[in-house]
Every structure is written in C-alpha cells, then in structure tokens.
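*Asks:* The primary structure of each chain is shown beneath.
Number of protein chains: 2
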Amino acid sequence: MKHRSVFLILAALISGGICLAQTNQPAVVEDFKPSSVNQPDKQYPQVNSEGRVRVSISAPQALRVQFDIGAVKYDLTKDDKGVWIGECAPQDEGFHYYQLWVDGAAVPDPNSLYFYGASRWGSGIEIPAKDQDFYTLKNVPHGQVREHFYFSKSNNSMRHCFVYTPPDYDKDFNKRYPVLYLQHGGGEDETGWSNQGKANLIMDNLIAEGKARPFIIVMDNGTWRMPEQARPPRQGERPAGNWPPPGWADVFKKTLLEDIIPMIDANYRTLADQPHRAMAGLSMGGMQTRVVTLASPEKFSYVGIFSGGSISMEDIKTAPGFKEKIKLVFVSYGSRELENRRSAFGGDPKATTDSLKAVGMNTHFYVSPLTAHEWQSWRRSLHEFAPLLFKD
Amino acid sequence: MKHRSVFLILAALISGGICLAQTNQPAVVEDFKPSSVNQPDKQYPQVNSEGRVRVSISAPQALRVQFDIGAVKYDLTKDDKGVWIGECAPQDEGFHYYQLWVDGAAVPDPNSLYFYGASRWGSGIEIPAKDQDFYTLKNVPHGQVREHFYFSKSNNSMRHCFVYTPPDYDKDFNKRYPVLYLQHGGGEDETGWSNQGKANLIMDNLIAEGKARPFIIVMDNGTWRMPEQARPPRQGERPAGNWPPPGWADVFKKTLLEDIIPMIDANYRTLADQPHRAMAGLSMGGMQTRVVTLASPEKFSYVGIFSGGSISMEDIKTAPGFKEKIKLVFVSYGSRELENRRSAFGGDPKATTDSLKAVGMNTHFYVSPLTAHEWQSWRRSLHEFAPLLFKD
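Chains Z and U, in that order, give the protein sequences. 1 is the number of the first residue of the first sequence in our numbering; add one for each residue after it. 1001 is the number of the first residue of the second sequence in our numbering; add one for each residue after it.
It should be emphasised that the hints constitute simulated quantities derived from the structure, not laboratory data. Predicted model, so just to flag it, every value in this text is computed and none were measured. We put the CB at the ideal spot given by N, CA and C, even for glycine. You can trust all of the hints, since none of them are fake.
Under the rule of at most 27 Å between Cα atoms (straight-line distance), these lysine-lysine pairs were calculated in the DSS-like manner: (1) K175/Z with K1175/U; (2) K153/Z with K1171/U; (3) K1073/U with K42/Z; (4) K253/Z with K1138/U; (5) K1299/U with K171/Z; (6) K299/Z with K1171/U; (7) K1073/U with K81/Z; (8) K42/Z with K1153/U.
Looking from chain U toward chain Z, a few residues come up when the C-beta cut is under 8 Å (computed): (9) I1057; (10) P1060; (11) V1107; (12) R1120; (13) Q1144; (14) E1147; (15) H1148; (16) F1151.
Covered stretches of chain U (in silico footprint by chain Z; criterion: 3 or more residues with CB under 8 Å from a CB of chain Z, positions within the stretch not fixed): (17) 1062-1071; (18) 1109-1115.
Can you build the whole structure from these sequences, using the hints too?
*Replies:* This is the structure we're talking about:
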C-alpha cells in the first residue's frame, strides 16, 4: 500500500507539471458557455468559440483526473476546494463522445447527458456549428419518434426500434408514406440517429421548408458481433482482404427483410413497394446497406452509404438487377476521412461512385467539409440525402 | 501536495479496514447475476437473491472507491489488478438509483444504464421482484411511447412530452380514447414513468389481460423550482405550515390546462371531456395532481395520488364541485413510508381518504407491501389505479 502511494504522489506531481504546461498555452479564448447537451442546471462542460471544451469535476481526494476526447487525454488541474478543471484542443463542429479518468477509472462526466456510442452509454458534447440551423429544434410542425416493440421470429426474441413518423402522419388517415431504413454505426445502437444524429429534427426542418417529401424512418439495432478471430482495420490501415468476413451482415439482413420490414408495413401506413423503400446507414450501417441492397435490389430503390465505403462496378456485375432497379446510389464522407485515407471497403469512394455514373446510374457523392468519422458528417449526409428520395 | 497525500494514505488504510469488516459478513449469498439494466455486454453490477447489489469498477490508481445506494456508502475493495468490487446490504425489490465515489468524485457507474432522478442522469439497478410479471416485457400487443414536441404559449418555448398510445391506437382510426395525465416526482422528469416506471409495459400487460380499458397516457415535465427561501421537509420531519409555498403548482397548472391538454386533444384521437380525463402523479406529481384537480374538477374525473399526500374533507369544502364531479380518489403509499410516518401533506392519508368515502365519494387506498418512497411503490400504484379508470 505504502509503495503504491509513493508512486501515486509522484504521478500526481508529474501530472501537475503536465497540466501547467498545457493550461499555459496562450490561445484559449475565454468565451466559454455551457454545452447544449448538459444535464439540467449544470454549468459544465462548457464550449468556447474555438471549439474547445472545458470540463470540471469535484474530486477532492483524487491524484490525477483526465479529460479524454478525440483519442487524446488532457490532464485537469485541481483548485484548493478539490475541483478539477481543464480544457481540450479545439474540436470539429458537431457532436463528440468523451469521458473522464479519475485515478485510473474511466467514467462518464456526471454533468453531461449520455449517448450510446463507442460501445457504451457515456458523455457527449456538442460543438456549435455554422450550419447547425438545419438540425435545430424550431417552432415548426414536428413528427414523432416512437418506441416500437415487436416480436422477431428470426431472433426468437422481443426487439424494439424507433420509428420517425412525419408531422402530418396523424392528420390524414388515408395517406401512405415511403420508408427509409436508417442504420447506426458499430458500437452504436438504435438510439443514435435520433439522439446524436437528430434525424427527426433534420426531417422536420426539411419538410417545413418543402425540401423533402415526408417519409417514415425506421431505426433498428444492427449490431454485429465480430468473430473472435477477426479484427477490424485500425485507423489509417488498409483492411485485410478477408475483413469483414463473408456473411457478417447475414443476421441483420435476415432480421430486416423477414421481421422488420413486414412488421413496419403491417403497422404503419407505408407505401409497401420497392419504389418507396430506401436504406441508408453510417459506417457499419453503410456497409450493411451495401450488402443488403446489392442482394435485394427488388426491395429497395434508394441507397445511402455514409462513411461506410461505396459500391463498385465489380459489385454491380454480381448483383443482378441492381443497375436497373436502383434509382440512387448516394455515397458520402467527412473531408478529414478522405484526407486520412479512411476510405476503405471498396477503394476510392469518389472514383467508384463516378464509375457507376459513367454507366448511367444516378449517383451522388457528398463530402462534409472539415469533419471526420463523426456525427456531424452523418447529420449533413442525411440532410443532403433526404431531399433526393422518393421523387416520383 | 505532500501533506494531502499523507492524509490520502491514511484514508486508504482506514477504508481498507472498513472494507474488510464489511465483506467478512457471513450472510452474502453467492448467486449474483448481472442486472437487467446493465449496459450491453456488462457483467456488473450484479444482484443476488437477497437483493444485494455487487458493483465493480477498474480504478488502479484510486485510494478509495465507494458504492452509494439507499443513502448508505459502502467501501469497495481492490484486487491486485486495480479492480474494485463490493456489495451493499439487501435492497427492497424494484428500482433504485445509485452512484459511485472515486476518490471523492461522485460519478455514474460506467456499467449501468442511466435514468433521470435525484436531479441527475445516473445509475440505476433493478432488484427482481416477486410480482415483476406485471411490468415484464412480453410477447403481447404493445402500445408506443412517442416523443412529442410542441410550442408552449404559456412558457413561450418549445417543450416535449412522451405520449403512450395503446396497442390498437393505429388500427381503427375512428376510435377515440380517454387520457391520463401522469406526473413524475421531484428531481425526476418526463422520462421517468416509461424508463423507471415501465408505465407502457404495465398498460400493455393489463390491456392484454383485459384488466384495463385502453387509454392514452401523457407524461410531461412538471419540474417546479423551489424559491430560495423555502426548503422541503427532511425525511421524518413534519413539514412547516407554509411548505410548499402557496402558488407553487401554478406554473405547471397553467401549462397543463392551457397548453398540454389542448395540444393533446388537437393531435390525438381523445375523448376530450371531463368523464374521460384523469390525472395522477407520484410524490411531487401527486401534490400537483391534488392542487390541479381540486382547482379544476370540471376537467378531470379520476384522481391518483401516489406517495404524495391525500385529499381531505377540508380540501373538498373549499373546492366547489369536487365532491360531485370526481368519480375516484385513489391514494397510495409504500408500506415503509407509512411506518416511517412519511405521510405528510394532509395528515394520515388512510384516515383522510376514508373520510371522503364516509361522505359518499368513491375512494381507493392502496399500500404497496415492503416498499418505500421508490419506483416499485409507484409501478404497483399505477397497476392498481389503471383498472379503476374510465368505467363508463
């Protein structure tokens, strides 16, 4: 015990030194305001005009507290009341996950709201964005996000999904609507697209402006558990040829085609045909969209792949009917992903998408400015994608 | 720094001693299973057949980690890998809030799901209950819980509520439904009744068994901010005559009557009249129910007050029409609240409720066995209350 404590004293002294070095940087602009996703009445975390986040936590007996955001840990400094405080380097506009480390324990910040991502419910922060108007809650007609429980035969279990119904859904009981099946990324779940993605607010605002046709969005859980022997490529690494392993998307494909779509068509006033059904997803959800729509072009007309690869001529050659039946292939990335060459799973996504256009397909390639593999890229992708859907 | 560290070493040695004393108790039954409200794939927290909760967290550099549940802090013990573990005394059946303390920082357990209560989003645990069948997710027809955004004129701001619609709501577009306005307690919010209270599952199961008439439930935010000069009575203390201060419920009453009810009647297929409108709430929400229904018996027929006081003959004498128009006054408490004399806000709730029955009112007094001022009392109260509603 005593030996460890001496180590801890050293660790604290060292961390104190690091803190001083960091907080002495002259660049911090002192216009911090509480984050929009704080818990009620909480003054921290705060965000400044540079996109820096300042966190604070009371931990009187702690020896080292760190703020972990964007894969970097920042040491906090302690005042004489035991309250730790500190800030990170400027972050991209939009939403980011983060956590705190208190003497080696990785914990959520008790001041923030919590979001499911990075395979845990944990803290999130919102950096105000120049274009945030498109996902801001406004006094316009609003749709609903409904929690829907159902029994899945293919999984032999109860499941639930979230269903966005557009603003007028309950006004005219004779009207039927197209449906977008919208998938989250790896380590996220069915809550992501409304909580972090603000899909409902994006749609409400687009519909209020007459920029998108009202449609239903179904957000279900596509979590895929990787076999022990496989591992995903690390950032910047070329994926191995056998990753993801063949058949990785089969369980979700079966659940979607055999359970979710029939359940939605039975319980909502859908236009239950191929011309009025779309699928899109981010990252892993985009990869699932690619697999499912290549295998079933008779089910879907519109395809959206956000930061999740692209569809190539080679793919199409082995997918009968895809070229003829699909009305749109939409592919998007954050600009920093392209810089960082995180454009895996099918080569250069712009080039492959252009190759489909060259043979007569309707394609759309979108790049989110100054964002990475993160929610701001995907909010913008949905905002670009939705107006292109169901144009009949 | 050095002086503080010596203190911390002493604190750690002392806490180690306390831990040993606690974990040497012979009574712990080793049949722990992961909690039903753990985050995906998390093995801790666990619950045993005695209702003890065992938590675990990795905190290699921490000197003291505590498990804080039911107003008691339990010291955890650390293994040679820096993982802390320990358990609490047996808890009542049902749902409880808890948190961890890591070297003085109060934080959520990173392994649990999070719930809003005790004025924060934080950890919760579910102790399996002998009667849990009534709120278990089953393969029966399910209603939906819908997030509904609206503009509140009386608050001049956007608000949202959660609306439970019963299983057949979207099947017959000519059918209209009664409405229950169901309020949370102090330090909780509009998410409580579905997340912790499982109001939707309670209703789905009752309706599937033919024990309750299908109705809509509206769960909105009734948070009331106490004036600086006032303070609530502490546990076991008689409240001062002037607490809560007059007018404390006026803001929510105005929001409910002028914004929420007209908005619900305009957007849902309600039976928009007094015979088909009920109000109920727990704790603070019960107190609001008392104030609102005494002031507006022309709006509501059914009144439910769960662990939130009762309605007396004196109340009725100054509430014209209440005695004649109200079809049911339902009052409930957890049995441990009555033992602990937490039956504030109107004297003995059984006696006052009986006094209404003596003058011809329809009343129902329910006591939840072996529970306190906690969600299991309120789940059971809703389960008792719902079958009594809208019997016309």
